[in-house]
Amino acid sequence: MKDARGYWKENVSLVLKLLTFWFIVSYGMGILYVDYLDRFQFFGFPFGFWMAQQGSIYIFVALIFIYVFKMNKLDKKYDVEESDDHIPAEDLTKGGQ
Amino acid sequence: MDIQVLTYIIVGITFAIYIGIAVWAKAGTTDDFYVAGHHVPPLANGMATAADWMSAASFISMAGIISFMGRDGSMYLMGWTGGYVLLALLLAPYLRKFGQFTVPDFVGDRYYSNAARTVAVICALFISFTYVAGQMRGVGIVFSRFLEVDITTGVLIGMSIIFFYAVLGGMKGITYTQVAQYCVLIFAFMVPAIFISILMTGNPVPQLGFGSTLADGSEIYLLDKLNGLSSELGFGNYTDGRKSSIDMFCIVAALMAGTAGLPHVIVRFFTVPKVRDARISAGYALVLIAILYTTAPAVSSFARLNLINTVSGADYISTPDWFKNWEATDLIAWRDKNNDGKIQYMAGNAFEGKPDFADGRGASGERLLKNADGESANELYIDQDIIVLANPEIARLPNWVVALVVAGGLAAALSTAAGLLLVISTSIAHDLFKKMLLPNITDKQELMYARMAVAIAVLIAGYFGINPPGFVAQVVAFAFGLAASSFFPIILMGIFYKRMNKEGAISGMISGLVFTAAYIIYFKFINPGTDNAGHWWFGVSPEGAGTLGMILNFIVAYCVSKMTPPTPQTVQDMIEKIRIPRG
Chain X
1 MKDARGYWKE
11 NVSLVLKLLT
21 FWFIVSYGMG
31 ILYVDYLDRF
41 QFFGFPFGFW
51 MAQQGSIYIF
61 VALIFIYVFK
71 MNKLDKKYDV
81 EESDDHIPAE
91 DLTKGGQ
Chain U
1 MDIQVLTYII
11 VGITFAIYIG
21 IAVWAKAGTT
31 DDFYVAGHHV
41 PPLANGMATA
51 ADWMSAASFI
61 SMAGIISFMG
71 RDGSMYLMGW
81 TGGYVLLALL
91 LAPYLRKFGQ
101 FTVPDFVGDR
111 YYSNAARTVA
121 VICALFISFT
131 YVAGQMRGVG
141 IVFSRFLEVD
151 ITTGVLIGMS
161 IIFFYAVLGG
171 MKGITYTQVA
181 QYCVLIFAFM
191 VPAIFISILM
201 TGNPVPQLGF
211 GSTLADGSEI
221 YLLDKLNGLS
231 SELGFGNYTD
241 GRKSSIDMFC
251 IVAALMAGTA
261 GLPHVIVRFF
271 TVPKVRDARI
281 SAGYALVLIA
291 ILYTTAPAVS
301 SFARLNLINT
311 VSGADYISTP
321 DWFKNWEATD
331 LIAWRDKNND
341 GKIQYMAGNA
351 FEGKPDFADG
361 RGASGERLLK
371 NADGESANEL
381 YIDQDIIVLA
391 NPEIARLPNW
401 VVALVVAGGL
411 AAALSTAAGL
421 LLVISTSIAH
431 DLFKKMLLPN
441 ITDKQELMYA
451 RMAVAIAVLI
461 AGYFGINPPG
471 FVAQVVAFAF
481 GLAASSFFPI
491 ILMGIFYKRM
501 NKEGAISGMI
511 SGLVFTAAYI
521 IYFKFINPGT
531 DNAGHWWFGV
541 SPEGAGTLGM
551 ILNFIVAYCV
561 SKMTPPTPQT
571 VQDMIEKIRI
581 PRG
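Chains X and U supply the protein sequences, listed in that same order. Numbering follows the working numbering, in which position 62 of the first sequence is assigned residue number 62; successive positions increment by one, without gaps. Numbering follows the working numbering, in which position 132 of the second sequence is assigned residue number 132; successive positions increment by one, without gaps.
Fair warning: there could be bad hints in the mix.
Simulated restraints, written as ranges between beta carbons of each label pair [stated by the list, open to error]:
| id | chain 1 | residue 1 | chain 2 | residue 2 | range |
| --- | --- | --- | --- | --- | --- |
| 1 | U | Trp537 | X | Lys17 | 25 to 35 Å |
| 2 | U | Arg396 | X | Phe43 | 45 to 55 Å |
| 3 | X | Asp79 | U | Phe496 | 19 to 29 Å |
| 4 | X | Lys76 | U | Thr564 | 37 to 47 Å |
| 5 | U | Met448 | X | Lys76 | 37 to 47 Å |
It is worth saying that the hints were derived from the structure and are not from the lab. Bear in mind the structure is a predicted one, so any value in this text is a computation, not a measurement. Built from N, CA and C at the ideal position, the CB exists for glycine as well.
Using the sequences and the accompanying hints, generate a full structural model.
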């Protein structure tokens, strides 16, 4: 492994970015500003209502897949991916007890 | 064919499949029994997680609740899906890398303390038993209405199926049964939804259908029509909210953090081979869950519109069969206040409390009630739980669709119950016996204890199914509140904040837990009369108390950890290892 600290920093900043979107679509658009957004029509839905009952869920799904894609790239960049054979991870915690 | 024969056939086929899988997936070691040998492929784990997560509450109750709450029902939709984002980004990969069997394992090792482990075991047991009670009630309702056996027999049949595959196969048996159960439940949920969407709007995709115009040629949007009818009857617009923003905010946060902290969901991510698999299987799980969760609000609005059209102003005598069948099971009640033989349906309670039926029939043939009249002129009581189950009948779909929905409801309840029973048995056999009381037992003996623990847990759950505690609905808020205020912050800080030590974690967990429990018990049990916005702290209802408890947990844990000795080096090294996939 090249740089554990750098890997962790990039990991945390990616997670924070994605959680910002997570917060905006659910708490922001689905709860705090839902009445304001309801003034706009989105097909047959008031827009805030649609965000709360549909849109936010689609974006949650997208966020997880973006995370998976970016993390797999990050693992490669810092050379910390797992090898293809199964590692018995049980051994890992022995030192901690 | 007769609806009951069809139901027996379809339910019988699904049960045969579950038993077949159990025989095929027998567990040989504790590794198999607790985490399916860490060999579950990610997509299979995604399906199992989805079935594990979507319970009788998601399948049977949720669409019904939303149907009566309107826009506010979105708190369940966002809360129970948004939690997966937290789980995928903040917990699952790291817990998989840690690689043990249970959540108390992580808490005990990370905070180098058996006291912390014990608190975690107690929380896990409490949360899981609460939940199991709810599932058993679901099994009871379905059996008694559709198979026309009494609830006791129904629960016994359900218990013996679970008993068979959980005791024999452990996590391995449960995982592959859940894969089959996911297929059954999603098919059973989607088929009637698609049918109804086509009937009402001509659009086969329910998610689009409820934003389309009605198929009756009127060119009116379905939601506009629904808003109009709801307002007319005094319910207010369907697409408007009634809860305060702060309360919605806290309830959604508690449900999200609770979802991410529920032990039976977390343990699913211990079963995949690698960290990379844990990440992607959280993604698969949410896609598979989202199929049902985006369809449910559509079903809610279809059902609401259909219900109002069918019952409002109708003559009791000419109501369809489903109406009288549900009345027979106590879940619908009607009192003809103005003696006109028609059903007046509007906002407000028809009478005080749950229906309490008297012997005898009224002038139109309805069952008489002992309850005192409510203030409203409303004459109709409908239990929210029947909406999904009655929906195919309300929309007059063919009998086999009704039978399918029954099998789906049972799949949802059984899959969740099995996952919870496994957490209970693991907590007892592994966390309590192996890790604390009897550390010298062999793998074979531990496996035997685990099987015995499942067997006993099945019996206890069966007891709750037959004699359901009257407060199931309130206790579910409890389970989420406790998971949000205890597990979620502790696991999160365990991974992301190395300085967090055992003193901080234990005091944080206990203060979050005690606060949340006290808040809920006070408003739900001790002083239910004050359970309203005027008395709540910051306007947060007991359902959202987990959020306040979680914030308290973070603050207490941080302050205490600053005043006590830092985490030992060995634990710090362990955290470094958890953060990196390789090694």
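Do the hints match the structure? See the list:
As the Cβ distance of Trp537 of chain U to Lys17 of chain X is approximately 33 Å, the hint placing it in 25 to 35 Å holds. About 28 Å separates the C-beta atoms of Arg396 of chain U and Phe43 of chain X, a value inconsistent with the hinted range of 45 to 55 Å. Take Asp79 of chain X and Phe496 of chain U: their Cβ atoms lie about 23 Å apart, and the range 19 to 29 Å holds. Distance hint check: the CB atoms of Lys76 of chain X and Thr564 of chain U are about 40 Å apart, consistent with the given range 37 to 47 Å.
A hinted range of 37 to 47 Å for the beta carbons of Met448 of chain U and Lys76 of chain X is consistent with their spacing of about 45 Å.
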